[in-house]
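Build the full structure now, drawing on both the sequences and the hints.
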Amino acid sequence: MKVISADHAVAHGARLARVEVVPAFPITPQTLIVELIAEFINDGELDADFLPVESEHSAMSAAIGACAGGARAFTATSSQGLALMHEMLYAAPQNRLPVVMVNVNRSLGAASGIWVEYNDSMPERESGWLQVYIEDNQEALDMVIQAYRVAEDREVMLPMMVCLDGFVLSHTVERVDFPDQHLVDSFLPKFKPLYLLDPDEPVTMNPITPPEYAMEMRFQLHRAVDGSKEVIEKVDREYGALTGRTYGGLVDTYQMEDAEIALITLGTVTSTARVVVDHLRSEGKKVGLIKLRFMRPFPSDELESIAENLKALGVFDRSVSFNGFGPVFTETRNALYHLGTPLTNHIAGLGGRDVTFKEVREMFTVIEEHAKGHRVKECHWHGLRGDS
Amino acid sequence: MVAKEIKTIKDLPRDDYLTRGHGACPGCGVAIAVKNIARVLGKDTIVYVPASCLIVFSALYPASAFKWPFFYTAFENTGAVISGIKAALKRRGREVTVIGMAGDGGTFDIGLQALSGAAERNEDVIYVCLDNEAYMNTGIQRSGATPFGAWTTTSPIGKKVQGKREFKKDIDAIVSAHSIPYMATLSIAHPNDFVRKVQKAKSVSGFRFLHVLCPCVPGWRSEASKSVAIARLAVETGMWTLYEVDHGVEKLTYKPKTLVPVKEYLQLQGRFRHMSEEDIEKLQTWICERWKHHFYEEVPVPPCKIEEARKALIIDEDPLHGP
Ligand SMILES: Cc1ncc(C[n+]2csc(CCOP(=O)(O)OP(=O)(O)O)c2C)c(N)n1
Ligand code: SF4
Chain C
1 MKVISADHAV AHGARLARVE VVPAFPITPQ TLIVELIAEF INDGELDADF
51 LPVESEHSAM SAAIGACAGG ARAFTATSSQ GLALMHEMLY AAPQNRLPVV
101 MVNVNRSLGA ASGIWVEYND SMPERESGWL QVYIEDNQEA LDMVIQAYRV
151 AEDREVMLPM MVCLDGFVLS HTVERVDFPD QHLVDSFLPK FKPLYLLDPD
201 EPVTMNPITP PEYAMEMRFQ LHRAVDGSKE VIEKVDREYG ALTGRTYGGL
251 VDTYQMEDAE IALITLGTVT STARVVVDHL RSEGKKVGLI KLRFMRPFPS
301 DELESIAENL KALGVFDRSV SFNGFGPVFT ETRNALYHLG TPLTNHIAGL
351 GGRDVTFKEV REMFTVIEEH AKGHRVKECH WHGLRGDS
Chain V
1001 MVAKEIKTIK DLPRDDYLTR GHGACPGCGV AIAVKNIARV LGKDTIVYVP
1051 ASCLIVFSAL YPASAFKWPF FYTAFENTGA VISGIKAALK RRGREVTVIG
1101 MAGDGGTFDI GLQALSGAAE RNEDVIYVCL DNEAYMNTGI QRSGATPFGA
1151 WTTTSPIGKK VQGKREFKKD IDAIVSAHSI PYMATLSIAH PNDFVRKVQK
1201 AKSVSGFRFL HVLCPCVPGW RSEASKSVAI ARLAVETGMW TLYEVDHGVE
1251 KLTYKPKTLV PVKEYLQLQG RFRHMSEEDI EKLQTWICER WKHHFYEEVP
1301 VPPCKIEEAR KALIIDEDPL HGP
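Those sequence lines, one after another, are chains C and V.
Numbering follows the numbering used here, with no gaps: position 221 of the first sequence is 221.
Count along the second sequence from 1, then add 1000; that gives the number in the numbering used here.
Everything hinted at is true.
Derived DSSO-like pairs: lysine-lysine, alpha-carbon spacing no greater than 30 Å straight-line:
1. V:K1010 to V:K1200
2. V:K1282 to V:K1160
3. V:K1007 to V:K1090
4. V:K1043 to C:K192
5. C:K311 to C:K285
6. V:K1255 to V:K1226
7. C:K192 to C:K229
8. V:K1200 to V:K1067
9. V:K1043 to V:K1090
10. V:K1282 to V:K1169
11. C:K311 to C:K358
12. V:K1067 to C:K192
13. V:K1067 to C:K190
14. V:K1257 to V:K1169
15. V:K1282 to V:K1257
16. C:K190 to V:K1043
17. C:K190 to V:K1090
18. C:K192 to V:K1090
Just so you know, the hints here were simulated from the structure itself, not pulled from any lab data.
Written as structure tokens, this is what we have:
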């Protein structure tokens, strides 16, 4: 047990997962991760190669090259760095290369800032990467280890992005429990590549693919992302049996057994919302919380069975599709369309603005009104200065 | 197993790793270069190819002309991907030559950053630039490697401006400035020099850079049968200098007896046929300066007028020829 930041928890996770090649490029608030990994390597605590590449585009390129060469590859980035990698992200899934990357969420582009927002990682859900969102430092460490088990599962063979809130987690210290190395070793065996660049058995990886074949390949990838759901649940259960910690797989719920209204959250806001739910429960309100962990694969069926009996449901988003809704809302509405559950979108915390107890309470007030059949706006921005 | 040293073209093994069945144009300098480099490097090699003519003509699913393990992902990342592959192979305890083969666009321009990064880190890989002096894969657009005066689709022959106005970037000087163990320029018309340099690159460890001039039939508006002759004239006219920088020591590996006027080189290629005397003289001056830089010899500018212009090998009716 140590008191460390989520960035350091991630670095310890990578160390325990015995990553072998770590190409990296610094960006705030991710830097602490790669700095600590570099220290592990130079101190001989981790037997790996650190590649201090000259950009994020090259970091992802080198990670993909290393994975194709048969090594367990790790990298981490954030915001502009992830955007610079965008082109390369697409190479890993279609080549079935299980690279694991931590993205420390941070806002992107103009009105520039270094604070948490999900508009860096959300657009990448079309890339074929699995995406998990983290609530606390312990989950950050555990999920790096779990991510390799899922990604390298023969039924999956896909890259995975572990997303965590910039500063709120990355630079905030919490107590974190370290699983024993031998426990991790038994849970996560050495990486066995499915395809490999090896002169003794030469294969051509990623040739130009004409329309006669490319569509079937996309379909296979589509099915692989879908199929990863079962593996994610299984790996989480197994990890729980070893360490006593599970995270609920794709979604976790809080006070949902008899809930009439609920809010979907992801990331650190979940912790705030849990306290709000406790308060509302003490006032006798039947409210619950759905912690969405994965954006890819998106747990449509799971949400459907959880939301089945709700009178209204709200969806929190820390990013926005301008002139539209937040991406979590859009995906949720897609998944629950035929249930007809009254849905509202709650956009908050953009550009790193705090999402407070008061605002989460406001979200529940809107959902409650909606449940009563009152007309409410479909999309609310919370915490705006001035009118909303 | 210690491989036999390959000193001349006669020692070149016959086994091909870029096999027949690829889709390169007849007379393609890139195909000739790759095939022969592969013969020297032999079996225990992994190749990365970025977006370029080579990927399109060698690996089109479900076929592949490479007998080496082959990987492709994007255009600008050759230096980075080969760094990653090498790191993995080292971890697996495998003695394998990792080679990246990029075009001039993927080296001089968009790939320069990753190339420089890999060179600076002295990655243990071979980087080959297959220089056909334009972006051929996307249909002959100018690159930093395109010579002064040349026609390309983005340096067209206009009423106001004719052809490319900038001189070729000196990538070899840029790469050498990284103090890498080995850098060499190669020509497909000088096979003994060619195989010796590839062999040397294979035997050295650290970052190695091989720069091959690769005539391109449609891009240079030339005859398929003339690719090797054009490559030879490039050297004889000083458009291409054969040299190497071995651990910091620069050495010229071939010196033409006299400097042949550049016009002899230009007139075999439709991409230069619009060039005015004034522009040819400009290019000639550039060559003479380079010549002085490499051979420490002054040459009169222009070194000579062409007494008797040879018949240009341009076939007007062929849509491939003449812009
Ligand atoms: C980021 C990006 N921009 C543009 C392209 C389009 N593109 C593919 S190959 C190429 C030109 C290749 O030129 P070069 O490297 O000289 O190789 P050549 O085809 O001439 O052998 C271009 C522009 C691309 N694939 N990726
Ligand atoms: S276009 Fe040029 S480089 Fe490309 S295959 Fe044809 S000859 Fe070779």
